[in-house]
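Student: In case you want the letters, here they are:
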Amino acid sequence: MSTGTWGWLILAFPLAGCIIIALGWRLWPGRTAGWLGSLAIALAFASSIGAFLSLLSKDPEHRQVVANAFDYINIAGLHVKLSVLVDPLSVVMCLIVSGVSMLIHVYSVAYMDSDRGYVRFFSYLNYFVFSMLLLVLASNFVILIVGWAFVGAASYLLISFWYRRATAVRAGIKAFVMNVIGDVGLVIAAFLLFDKTGTLDYAGVFARAPEVFHHNDGVLVAACLMLLVGAFAKSAQLPLHTWLPDAMEGPTPVSALIHAATMVTAGVYLIARTHPLFELAPTAADIAAITGTATLFMAGTIALVVTDLKRVIAYSTMSQIGYMIVGVSSFGYAAGIFHLMTHAFFKALLFMGAGSVISAMGGIQNMDRMGGFRRAMPFTFVTFTIGALALSGFPLMSGWFSKDSIIGFEFHRGGVLFPALGVVALITAFITAFYAFRMVFRTFFGEQAPEAVELEEGQLAHGEHVNPLTGEAEDTEVGFPGADHHIAERDWPMRAAMAPLALLSVVGGIVLIPGVTDWFEAFLEPSFKDSKYYSNIPGSGAEWLGLVLGGLIAIGGIGLAWLLYIRRRGVTLRLAERFRRPHDFLSHKWYFDEAYDAVFVRPIGNFGSFSRRVIESRFVQGFIVGGAVGVVRAGTSAARAVQTGYVRAYALLLVIGVLALGLYFLLQSS
Amino acid sequence: MDVSWYIVLSALIFCTGLAGVLSRRNPLVVLLSLELLLNAGNLALVAFSRMWGNADGQIFALVVMVVAACEVVVGLGVIVAMYRNRIPIDVDEMSELRG
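Chains W and R, in that order, are what the protein sequence lines are. If you read the first sequence in the numbering used here, its first letter stands for residue 917, the second for the next number, and so on. If you read the second sequence in the numbering used here, its first letter stands for residue 2, the second for the next number, and so on.
Bear in mind the hints are in silico, worked out from the structure with no lab data behind them. Hints may contain errors.
To be verified - Quick list of the computed label-pair ranges, beta carbon to beta carbon:
{"id": "1", "chain 1": "R", "residue 1": "78", "chain 2": "W", "residue 2": "1585", "range": "37 to 47 Å"}
{"id": "2", "chain 1": "W", "residue 1": "1580", "chain 2": "R", "residue 2": "9", "range": "43 to 53 Å"}
{"id": "3", "chain 1": "R", "residue 1": "24", "chain 2": "W", "residue 2": "1580", "range": "24 to 34 Å"}
{"id": "4", "chain 1": "R", "residue 1": "53", "chain 2": "W", "residue 2": "1543", "range": "54 to 64 Å"}
{"id": "5", "chain 1": "R", "residue 1": "53", "chain 2": "W", "residue 2": "1585", "range": "11 to 21 Å"}
{"id": "6", "chain 1": "W", "residue 1": "1523", "chain 2": "R", "residue 2": "96", "range": "53 to 63 Å"}
{"id": "7", "chain 1": "R", "residue 1": "77", "chain 2": "W", "residue 2": "1550", "range": "52 to 62 Å"}
As the list claims (entries may be wrong) - Covered by chain W, according to a simulated footprint, are these stretches of chain R (three or more residues, beta-carbon under 8 Å):
{"id": "8", "region": "16-24"}
{"id": "9", "region": "89-99"}
What the hints assert, rightly or not - To list a few chain W residues with every Cβ distance to chain R over 12 Å, as calculated:
{"id": "10", "residue": "969"}
{"id": "11", "residue": "995"}
{"id": "12", "residue": "1011"}
{"id": "13", "residue": "1032"}
{"id": "14", "residue": "1117"}
{"id": "15", "residue": "1220"}
{"id": "16", "residue": "1279"}
{"id": "17", "residue": "1281"}
{"id": "18", "residue": "1328"}
{"id": "19", "residue": "1339"}
{"id": "20", "residue": "1370"}
{"id": "21", "residue": "1496"}
{"id": "22", "residue": "1507"}
{"id": "23", "residue": "1512"}
{"id": "24", "residue": "1513"}
{"id": "25", "residue": "1527"}
Every residue gets a Cβ at the ideal spot worked out from N, C-alpha and C, and that includes glycine.
Working from the sequences, and respecting the hints, build out all of it.
Tutor: So, in structure tokens, the structure goes:
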């Protein structure tokens, strides 16, 4: 089959899965819907491999294939085709997205078991994968925006999946609003680019850009900044990041798939995809790198104090995406995409482990109540620890290679800015190792939680149906897991999904070992052949120096976590007491939510209630509606007076009318 | 042929009918007066038809008779139904349609 056909097949399977599962929502018995969804994604993954192999069989100059389906829009000089672009970058993204999605689908088959929205869940999940693949495979900005908006919608649907939970619905709305800000940014960027280049095709825009824009052209910088608004909203970077921690309200597989492994990395993909524009407008790229660094540091510090297990991983996700953004926007594309890939593995794994623990705890996410799950859940303990090691950048794990290749690139770029960013990234690497093992030590070591004891005795943990955030009782009738939902790690699909990810988290780094392998870089090269920076990579000696340094930092962070949480337990409470103000500052997440509340949410809310009280009730209801009603009422009461109901009166009127007509015609004719 | 006598007669019958429709309160008489109106029209139609030597007017008169017959059937049916339901047989009492 041709490469383009593989591209279309990648899209077709998840879409078909979504529709078939949704149409049969009453028919699928038991876990059928889950397996159907997994099958659809497995087929998409197989097609991605097909596309990958068919690209490999071509020579590197011909590895960018555009396959047209039909003209999507063709009016007034705007010519947009519905087409997919199969090139190394999109194929790598497809492999990551469909591969990780496949495992998460398998995990969800067991995790979501006995949920009342089981079929709905898999339909949404397939829809999400379709949207994400559409975003990745788009060959022009219009299709990109379509996919971009689709994944936003899928994210909203899945965050608010348990729609009886008020907090989940609010979180969904928050995420959607933030994402729409990004969508608007992206659309404006497309307008600007179309205005100057006259096309929306990637290839056309990138070919025309050097002709119409000079270096750091104002319009181009504005367009790139608008692209960044889209990228930052989707990837939860400063200042549009506040939705991601709240998105943890969704079911854990959703957090693993959308809010860790795939969707939130769309911003990284966007920057990598539009790299010719960013290389022409380095100012915008520098702003992106600075923002990414700020985010990675801020999120890392917040993750130090958050006690909600899933939120720690969420902040860690923000932080790691910060690394990727820094990587791609300082033109270290291979490093950034490499980290995207390894992060997808270990972060999905961490979320799955967290999901296991949370389901064992009966939905409780607070680490203060966890502890000692090491013996109760050995499998989860091992895989979670592997994920945490990879996240910390422990030597020889996948995260070690990918994170340090980004940091190495920063120092190699030179100048003042990039090494400074690299230093911040190194400091945050220490923080990362610390909070990763803070999770491990607090969850799996220490005193056993009652649930852990129960599990060890062979019972299943039972859920308390309360909202972990507000403590309110949950309505389990609709849209929330039933009483027998909590199954810990015992079901084999959950383990079957976690094992491959654990393996990949360990060995995922072999595709790009400095001085040994360069498969990843070499394969991606055709997508970045017009980049001035792609081949400008640090020497392997320098990279190994960075790797050794990064490994030492990781071990240091893990050691500190061990010291504080195992060796001298309780010292953390005293530290928090001692540094009350910084601790408050961090546990309030740098007061971003409060600031947004004060600046945007509350003024707009007040304006809304003012409009409702004054404009709506006085002006609209009172004057416009009331006035119109008054006019009509006066008119009708006059008309009613004529209708006496006396037949003879009507007859008289008729006669008078006929006489009048007759008289008129007589006068006319004379 | 001089049609003026026919027209005068037709006008007289018409005015009689009109007066009946407008002034009588018994629906039966109103119906009778309506018949007078229609037949006055018929007379005029036939008279003009003779004047022009054209049969169209006479055919129209036949059509009017059919309509009149239908109308009488319906009207009488309504009156009988009212009588059976002990509704006063008086057009001024029947003013439920007032606004």
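Student: Decide, holds or violated, for the assertion that all CB atoms of chain R are farther than 12 Å from the CB of residue 1339 of chain W.
Tutor: holds, 87 Å
Student: Does the Cβ pair residue 24 of chain R, residue 1580 of chain W satisfy 24 to 34 Å?
Tutor: Because 26 Å falls inside the window, the suggested range holds.
Student: Against chain R, does residue 1512 of chain W keep a CB gap of more than 12 Å to every residue?
Tutor: holds, 59 Å
Student: Does residue 1279 of chain W really sit off the interface, with its C-beta more than 12 Å from all C-beta atoms of chain R?
Tutor: holds, 65 Å
Student: If we take the beta carbon of residue 1281 of chain W, is the closest beta carbon in chain R still more than 12 Å away?
Tutor: With a cut-off of 12 Å, residue 1281 of chain W remains clear of chain R, as the shortest Cβ separation is near 68 Å.
Student: Quick check for students: does the CB of residue 1527 of chain W sit more than 12 Å from each CB in chain R?
Tutor: For residue 1527 of chain W, whose nearest Cβ neighbour in chain R is about 39 Å away, the distance exceeds 12 Å, so it holds.
Student: May I ask you to check that residue 1220 of chain W keeps its beta-carbon over 12 Å from the closest beta-carbon of chain R?
Tutor: holds, 78 Å
Student: In this structure, is the beta-carbon distance linking residue 77 of chain R and residue 1550 of chain W contained in 52 to 62 Å?
Tutor: violated, 42 Å
Student: Hey, is residue 969 of chain W genuinely clear of chain R, shortest beta carbon separation above 12 Å?
Tutor: holds, 83 Å
Student: Has the hinted range 11 to 21 Å been met by the Cβ atoms of residue 53 of chain R and residue 1585 of chain W?
Tutor: About 19 Å separates the Cβ atoms of residue 53 of chain R and residue 1585 of chain W, which means 11 to 21 Å holds.
Student: I want to verify a distance hint. Is the separation of the beta carbons of residue 1523 of chain W and residue 96 of chain R within 53 to 63 Å?
Tutor: Hint holds: Cβ distance 55 Å, inside 53 to 63 Å.
Student: Regarding the assertion that residue 1513 of chain W does not contact chain R, is the least Cβ-Cβ distance greater than 12 Å?
Tutor: holds, 57 Å
Checked against the numbered hints given earlier, this structure breaks hints 2 and 7; the rest are met.
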